[in-house]
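Chains A and B supply the protein sequences, listed in that same order.
First residue of the first sequence: 1, per the working numbering; consecutive thereafter.
First residue of the second sequence: 239, per the working numbering; consecutive thereafter.
Worth flagging that the hints you see were computed from the coordinates, not collected in a lab.
One or more hints might be untrue.
[What the hints assert, rightly or not] Here are the simulated lysine-lysine pairs, BS3-like style, with alpha carbons at most 27 Å apart:
no.: 1; chain 1: A; residue 1: 71; chain 2: B; residue 2: 451
no.: 2; chain 1: A; residue 1: 179; chain 2: B; residue 2: 451
no.: 3; chain 1: B; residue 1: 451; chain 2: A; residue 2: 212
no.: 4; chain 1: A; residue 1: 212; chain 2: B; residue 2: 475
no.: 5; chain 1: B; residue 1: 451; chain 2: A; residue 2: 91
no.: 6; chain 1: A; residue 1: 91; chain 2: B; residue 2: 475
no.: 7; chain 1: B; residue 1: 475; chain 2: A; residue 2: 155
no.: 8; chain 1: A; residue 1: 153; chain 2: B; residue 2: 475
no.: 9; chain 1: A; residue 1: 153; chain 2: A; residue 2: 91
no.: 10; chain 1: A; residue 1: 153; chain 2: A; residue 2: 179
[As the list claims (entries may be wrong)] One-sided excerpt, in silico: chain B residues whose CB lies under 8 Å from chain A:
no.: 11; residue: 457
no.: 12; residue: 458
no.: 13; residue: 465
no.: 14; residue: 467
no.: 15; residue: 471
No experiment lies behind these values; they were computed from the predicted model shown.
All C-beta atoms in this analysis are idealised placements derived from N, C-alpha and C, irrespective of residue type, glycine included.
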Amino acid sequence: MPILETRDLNKRFGGLHVTANINFALDDGELHCLIGPNGAGKSTFFRLLLGEHLPSSGNIVYAGEDITALKPFQRIRRGMSVKFQVPGIFKALSARQNLEIALQHHLESTSLGAEVDRLLGFLNLTDVAAQHAGNLSHGQKQWLEIGMAISLKPKLLLLDEPTAGMSPAETHATGEIVKTLNADGVTVLAVEHDMSFVRQVARRVTVLHLGKIFAQGTIDEIVADERVAEIYLGHGHG
Amino acid sequence: MRAPGFLRLLEGPQTLGRGPWFWSVAALVLLAALAYPQMADGYTVGNTVYFFTWAFMALGLCLIWGYGGTLSFGQTAFFGLSGYTYGVLTLNFGAAYGFTLISLLASLAVAAAFAAVLGYFLYFGRISGVFLGIVTLSVTLVFERFMAQTAGPEWRIGTARLNGYNGMSGMPPLTVPWFGGDIILFPDVELYYVVLGLLIATYLGLRILVNSKFGNVLVAIRENPERAEMLGYDIRKYQLIAFVIGAALAGLSGTLYTAWGQYITPSSMSITAAALPIVWVAVGGRGDLTATLVGTLTVLAAFQALTIYGSQYALVVMGVLLVATVLIAPEGLIVSLARVFGRRRRGGA
């Protein structure tokens with residue numbers, strides 16, 4: 001059963017038709033990657049899901065409810081959560097404080113400290129807990145934001161290029177974190193450029209091109225699809 | 239035995255002064271402040287009350303700007319609105335039966351209510367950054383211009399003449415009903431202790447507020463509003479609440495100032511008046527309540543000392559001070575010094 005559906009979703013900026021009649025369904029418990037070349041409309045589609053853009057037409061249905069007109073914070077309160085491409089953290093605050101602010105919404109003060117410690121350990125951030133988030137390495141900032149996103153105990157986690165700027169080792173570690181979350185029951189939709197990450201985590205892949213769904217399938221099917229290779233992966237990509 | 243929850247919030251990540259050393263020094267400063275009227279003459283004590291009255295507006299601006307990240311350039315609008323409200327009420331209804339205290343509360347309510355309406359359109363209209371500063375500055379200048387043209391006899395509310403640019407005068411000082419006769423708080427020792435008490439209560443109350451969950455979210459909004467919203471917080475509500483609290487504190491300044499001097503004029507809402515709180519808060523350090531309080535009182539005292547040589551000269555010095563602070567220590571002089579000492583202590587440990 002889909003946890004998220006878009007129905008004939010369109011977004012126009014003036015004469016530019018960025019998202020064109022997208023009908024997309026994400027099943028509960030899925031780990032799904034959204035790929036596509038630059039300008040494919042991935043970011044716009046992502047922002048439509050979050051409520052940062054309102055669609056020109058069409059609907060977004062989440063857990064059976066039409067959320068098209070809801071504000072971003074209202075969508076978050078219904079169980080969605082997001083990690084941005086550029087780490088969306090509170091730079092002047094410590095890593096611990098970042099997580100505390102994310103958690104205080106739904107946890108009592110008495111249990112908050114233990115949950116922060118657990119998350120810091122899970123994200124390999126225990127040693128830098130007291131450091132200002134702005135001083136962390138790029139990979140640590142990305143993990144911290146993933147921590148903030150999952151601290152909301154989301155049903156659906158949206159990841160916008162979670163490995164952008166990461167080293168191969170950090171990318172792999174991030175992939176393992178995402179797989180663990182998914183195994184724990186969190187549905188994940190990730191926009192990603194890094195094909196090694198997509199291969200590592202995704203069971204299903206959707207390719208966007210020129211604002212439309214161009215192809216869908218398993219990672220093997222997508223890699224084997226010559227039309228996809230032509231528009232995105234490049235010939236001979238293994 | 240642990241202190242009650244809200245008292246533990248007196249210390250926290252959003253306030254710089256922490257630990258036994260800080261509170262020992264704070265206690266000494268408080269003792270000195272309590273003993274001060276016994277050692278100073280009446281004029282000096284009254285003058286110190288004048289400094290204190292402005293500190294509420296500075297603390298409110300610190301909350302809105304330093305903690306919430308939105309610069310309100312028009313805190314003087316709430317200052318003037320509250321001051322005029324106090325004047326109109328007390329000139330009409332007098333000071334008997336503690337009515338000045340009711341007028342004080344009513345004037346704060348008027349300032350807060352106006353801020354709630356204005357803030358609703360600002361924050362729920364997604365007006366932010368420099369535009370919020372422009373709108374709030376425009377509001378205070380509109381108030382100033384409007385009140386400046388109320389010189390004619392037709393501009394009166396009840397028996398209270400608004401008096402145009404000369405302003406209203408003759409309203410009674412704060413009066414506390416007491417057994418055996420009212421206590422009239424002239425700008426002397428009695429008013430000093432009342433305003434000092436209010437200032438301490440406000441300072442401590444704001445420390446608790448900024449270290450609470452509310453304060454955490456406010457700081458998160460300052461740092462990254464998009465992320466804060468994506469944690470499920472309706473950031474507009476938090477910003478609006480901070481704006482209303484800050485406006486009420488500016489209103490408290492306005493009413494105390496009016497009761498202190500028994501006058502209020504449109505110039506209290508002028509562009510010069512609107513700019514000065516920004517200098518006080520920026521110079522001390524907008525991101526910390528203690529730095530704002532100390533910075534405001536210090537700059538006010540220095541400003542008054544400089545006016546001996548001419549008020550325009552003093553204003554130029556204030557402008558230079560603001561520019562120098564922005565260039566040399568953007569976080570504020572006191573906050574920057576505190577960070578340097580903090581690093582040295584950690585380095586020496």
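These are the hints, each one checked on the structure:
A C-alpha spacing of about 22 Å is found between residue 71 of chain A and residue 451 of chain B, which places the hinted pair at or below 27 Å, so the restraint holds. Our distance criterion of 27 Å between C-alpha atoms is broken by residue 179 of chain A and residue 451 of chain B, whose separation comes to about 32 Å. Proximity of residue 451 of chain B to residue 212 of chain A is assessed by CA-CA distance (about 43 Å); at most 27 Å being required, the pair is judged violated. A distance of roughly 37 Å separates the Cα atoms of residue 212 of chain A and residue 475 of chain B; the hinted pair therefore is violated under the 27 Å criterion.
At most 27 Å may separate the alpha-carbon atoms for a hinted pair to count; residue 451 of chain B and residue 91 of chain A meet this at roughly 18 Å. The suggested pairing of residue 91 of chain A with residue 475 of chain B holds, with an alpha-carbon distance near 23 Å, which does not exceed 27 Å. With a C-alpha separation of about 26 Å, the suggested pair residue 475 of chain B and residue 155 of chain A falls inside the 27 Å cut-off, and the hint holds. Between residue 153 of chain A and residue 475 of chain B, the direct Cα distance comes to roughly 23 Å. Compliance with the 27 Å bound is thereby established for this hinted pair.
Among the hinted pairs, residue 153 of chain A with residue 91 of chain A is consistent with the structure: their alpha-carbon atoms are about 23 Å apart, no more than 27 Å. At roughly 15 Å between alpha-carbon atoms, residue 153 of chain A and residue 179 of chain A fall within 27 Å of each other, so this suggested pair holds. For residue 457 of chain B, the interface hint holds, since its Cβ comes within 8 Å of a Cβ in chain A; the closest pair sits about 7 Å apart. With its C-beta approaching chain A no nearer than about 5 Å, residue 458 of chain B sits inside the 8 Å limit, and its interface hint holds.
Among the interface hints, the one on residue 465 of chain B holds; its C-beta lies about 4 Å from the nearest C-beta in chain A, closer than the 8 Å criterion. Of the supplied interface hints, the one on residue 467 of chain B holds, with its beta-carbon coming within about 5 Å of a beta-carbon of chain A, less than 8 Å. About 6 Å separates the beta-carbon of residue 471 of chain B from the nearest beta-carbon of chain A, less than 8 Å, and the hint is met.
In the structure shown, a violation is registered for the earlier hints numbered 2, 3, 4, in ascending order.
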